[in-house]
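There are 2 protein chains.
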Amino acid sequence: MNPHFAERTKSARRSVIRELLKLTEQPNIISFAGGLPDPATFPREFLARVAADEILNNPGKTLQYTTTEGKLPLREPLSRWFAEDGMKFPPDQIVITSASQQGLDLVAKVFLDPGDVVFVGLPTYIGAIQAFQAMQARLVGVPLEEDGMDLGKLAEAIRATRRAGLTPKFIYEVPDFQNPSGITWSEEKRRGLLEIARREDLVVVEDMPYRKLRYVGKPVPPLAALDEDGRVVVLFTFSKTLAAGLRLGALAGPKEIVEKVVTLKQATDLCTSSLTQRLAVRFFQEYDVEGHMEKICAHYRVKRDAMLAALERYMPKGEGIRWTKPEGGLFLWVALPEEIDTERMLLKAIEHKVAYVIGAPFFVDGGGHNTMRLSFSSATLEQIEEGIRRLGQVVAEELAAVRSPQQA
Amino acid sequence: MNPHFAERTKSARRSVIRELLKLTEQPNIISFAGGLPDPATFPREFLARVAADEILNNPGKTLQYTTTEGKLPLREPLSRWFAEDGMKFPPDQIVITSASQQGLDLVAKVFLDPGDVVFVGLPTYIGAIQAFQAMQARLVGVPLEEDGMDLGKLAEAIRATRRAGLTPKFIYEVPDFQNPSGITWSEEKRRGLLEIARREDLVVVEDMPYRKLRYVGKPVPPLAALDEDGRVVVLFTFSKTLAAGLRLGALAGPKEIVEKVVTLKQATDLCTSSLTQRLAVRFFQEYDVEGHMEKICAHYRVKRDAMLAALERYMPKGEGIRWTKPEGGLFLWVALPEEIDTERMLLKAIEHKVAYVIGAPFFVDGGGHNTMRLSFSSATLEQIEEGIRRLGQVVAEELAAVRSPQQA
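Protein sequence lines correspond, in order, to chains U and B.
When the first sequence is numbered by this note's numbering, its final residue is 408 and no position is left out of the sequence of numbers.
When the second sequence is numbered by this note's numbering, its final residue is 408 and no position is left out of the sequence of numbers.
Don't take every hint at face value.
Copies of the same chain look alike in the list, so a pair counts if it works inside one copy or between any two.
[Claimed, not checked] Think about it this way: if two alpha-carbon atoms lie no more than 25 Å apart in a straight line, the pair counts; the simulated BS3-like pairs of lysine-lysine are: (1) 325 x 295; (2) 10 x 255; (3) 88 x 61; (4) 88 x 71.
Simulated from the structure, these hints should not be mistaken for lab results.
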């Protein structure tokens with residue numbers, strides 16, 4: 001038997017990070033590698049109670065199939081929640097998805113023919129890279145600066161794409177507290193991005209898994225709120241705000257696009273789980289959603305502060321060593337001098353019982369060998385203090401090693 | 001804004017049936033149209049209890065992300081359950097999916113480049129048609145006889161495909177109580193199909209949503225149990241055996257194929273809901289699964305018997321009028337004389353307050369205008385009796401109308 005796979009399958013690769021994560025799962029390792037939300041933030045008493053109630057007393061709505069676009073009593077409060085943030089999507093412009101990874105799969109299916117170009121940040125969320133590559137897109141990376149993409153380079157990349165006879169389809173970004181970099185786009189850059197998208201007639205895919213997790217500073221309007229001509233598609237997930245295990249999210253966008261998304265979602269999974277949708281319906285109906293968000297933010301804020309303080313304390317100082325100071329989300333990003341290869345250094349880190357995620361897989365241009373992602377979501381404050389102390393030592397040792405003449 | 005969709009999107013259509021179903025949702029209509037399982041078969045007391053217990057006491061396993069391949073404590077009992085049916089898939093050859101529609105999406109992604117050929121029955125399950133067309137496959141229909149595909153025509157179709165320079169990829173079938181026809185393949189035809197697949201080096205996709213729902217007769221071995229060289233991929237779903245709203249199923253197959261499926265599932269949704277998986281884990285651990293299946297079968301058996309008896313009683317007799325006598329599943333299939341167009345007749349049926357699903361959308365060759373699908377899963381025994389009486393009258397009137405000289 002010799003299965004004849006599709007072209008996309010021949011080149012599909014699993015995330016390197018997943019493989020490296022196995023290394024970091026040894027006992028006593030303090031890991032900043034996993035990007036999982038802290039289960040302490042999931043409202044389990046509430047979910048347990050409403051799950052039992054819904055299944056027992058509302059089985060027709062929880063245990064049976066539901067519509068492909070998702071339950072209206074969930075799309076309605078989502079529409080209002082989005083509106084609080086300046087995004088105007090009536091319920092018929094919202095599709096419930098099996099979390100935002102499915103949103104990525106659906107935008108890829110709806111827009112991408114083989115060879116079509118998607119513009120992404122350097123670095124970019126890996127799940128997006130995988131979803132777009134599965135539809136055989138060509139990904140063009142544009143450097144991220146502290147306040148968002150280098151827009152000059154974006155415009156240049158789009159022109160070069162057209163000159164090469166390729167078809168640009170959309171720009172993908174996580175403008176708030178990006179995974180992996182922790183960067184938030186300024187309003188000026190958001191407007192600049194939309195201006196370029198308008199001029200080039202491109203769709204913008206705005207992925208906002210962390211938008212509700214802001215710990216300091218003032219919210220910047222979403223791209224979808226600044227959008228004047230209906231070209232922004234929003235991906236939202238409940239994974240960080242309710243519970244990741246529900247696999248529940250939403251896609252919102254222009255009506256014409258949303259209709260196509262629903263058509264292709266029908267072929268993808270018929271519908272998202274009725275049960276998990278009903279749990280979210282009850283969450284909006286009965287739970288103190290705003291108080292819950294504040295509680296989650298407070299929970300992560302101290303961890304973020306602790307990690308930034310520890311980095312200040314323990315990381316070697318010097319040229320080429322810097323890290324982002326995210327205003328929200330779960331991640332921060334460390335860049336080391338060019339001589340450092342964080343993949344090679346990971347073995348040393350594991351010897352020192354600390355782990356991170358190497359940066360290179362987040363770069364579609366082969367760069368990022370000297371970068372790493374640190375997650376502050378799951379470790380305790382004590383682990384953050386001790387883990388960053390160990391990491392500082394690892395970096396210092398590695399710097400000494402690569403800079404010593406014997407090693408050169 | 002002028003979104004530039006992918007080629008697949010331009011031709012994607014939502015199911016006609018969904019649109020027609022809206023017609024049938026008027027009050028007082030007895031509908032045999034929907035294909036939904038009867039919610040009375042879902043063990044809601046059990047599910048309510050374990051859902052609350054799992055969320056409260058096992059939140060790390062229910063509310064957090066899980067692995068892409070799915071929870072091992074679910075793949076293990078599934079492996080044993082499959083083995084009872086002669087199918088030898090160790091847990092590492094099983095992937096948990098978001099029900100079998102996702103299984104269809106994943107086999108389509110793994111195998112199909114645009115223009116590749118899939119062989120399907122005439123008629124075929126619509127969700128499969130949609131999933132394969134979303135990956136731009138060319139679907140070639142092969143007539144179904146009472147005991148399975150016309151294998152001579154299948155072999156001929158494969159030869160013609162190769163002669164035309166096209167690439168055949170796999171054969172798709174629902175060998176037990178097919179949706180829509182209710183047909184079950186004989187063992188002889190199953191062996192014949194595998195023989196052809198072997199000769200032509202094709203994969204076989206065996207979709208078995210109804211396999212556990214056998215009401216009469218002896219089980220015929222699954223294709224996967226007869227397979228000698230690892231070319232059968234099995235799609236299973238809990239939608240009919242536990243609860244459709246969970247969106248839970250499994251794909252099993254040769255190791256090499258399953259690995260590719262896991263890689264592409266990662267890009268599709270990261271993982272299937274941890275919560276719904278845990279409910280199924282507990283179902284296998286604590287519930288009387290065999291007794292539950294017997295109960296479900298008993299529940300549907302009387303409905304099937306009632307519908308067959310009512311058809312015998314009320315349908316006009318005559319050449320060209322026949323229906324299948326399914327040994328399980330949820331559906332039976334009625335063929336009427338060539339002059340009848342069941343889509344046109346549907347309006348008359350709705351006037352008579354009875355509804356069915358037209359057959360044509362299940363045919364990839366444009367045929368089937370004179371056929372219809374009847375589901376006996378959701379109606380009560382009284383509704384079945386009265387609904388089939390009305391349907392018999394509708395058919396009699398339509399026959400009279402098309403055969404009267406005034407109408408000619």
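### Query
Where does the structure disagree with the numbered hints, that is, which hint numbers, in rising order?
Checked against the structure, the only hint that fails is number 3, while the rest are satisfied.
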